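Respectively, the protein sequence lines represent chains A and B.
Take the first sequence: its letters are residues 210 to 323, numbered as in my numbering.
Take the second sequence: its letters are residues 1074 to 1188, numbered as in my numbering.
Be aware that one or more of the hints could be misleading.
To be verified - Derived, one-sided and incomplete: chain B residues facing chain A with beta-carbon distance under 8 Å: (1) A1104; (2) Y1121; (3) G1132; (4) T1171; (5) F1179; (6) G1182.
Honestly, the hints are just simulated from the structure, not real lab data.
Since the model is a prediction, treat every value here as computed from it, not as a measurement.
Ideal Cβ positions, reconstructed from N, Cα and C, are used throughout, including at glycine.
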Amino acid sequence: AQSVTQLDSQVPVFEEAPVELRCNYSSSVSVYLFWYVQYPNQGLQLLLKYLSGSTLVKGINGFEAEFNKSQTSFHLRKPSVHISDTAEYFCAVTTQGGSEKLVFGKGTKLTVNP
Amino acid sequence: GAGVSQTPSNKVTEKGKYVELRCDPISGHTALYWYRQSLGQGPEFLIYFQGTGAADDSGLPNDRFFAVRPEGSVSTLKIQRTERGDSAVYLCASSLGTGPTDTQYFGPGTRLTVL
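All chains, full assembly: derive it from the sequences and hints.
And the structure:
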């Protein structure tokens, strides 16, 4: 079975600072990787996903993530955050050739302060 | 177009009661998923449908939980003899098809509180 670990439950940063949200996964088979964002009182929204090919994936709102197979990581980064990026971020995996269900981490609450 | 909708947005019930939670997927989406999100946790998979049939129900915690999708569109999650531990936000998602290239679009959720 696969699992996802998000190492930081809360990340406070100042506006315009860079941010990295960490995600590590465990799986005995190859995986697909996702980052979702949940704004207050809204549903989950896909930020980006890694399926194959280039290990650097660009998503919406200036976010990007890098797949590192040897470290089983998929960290999310943004070079300069805005107040509006305040939200909860979830890393998720699904196995190649397996069920389509997503397995999520516990989430990282990003708070951007002025 | 309209996204995934879920009703009710909030449901308060008493221990032992029966509840039904409804999900309206995006029109034309063949796959529909149910997840449960407890406080401080990420969403946890419950069941998914491909068309009318449950393709994977491995996440249902016990036989008090049941879900249907009789016409391949709207789905209802049914919980019998509710317990306080069932309190959570129940999320529904739909996708055009199955497979990693088909993005799962999530609804806003139903917050269930069992007193």
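Structure versus earlier hints - violations, ascending order: none
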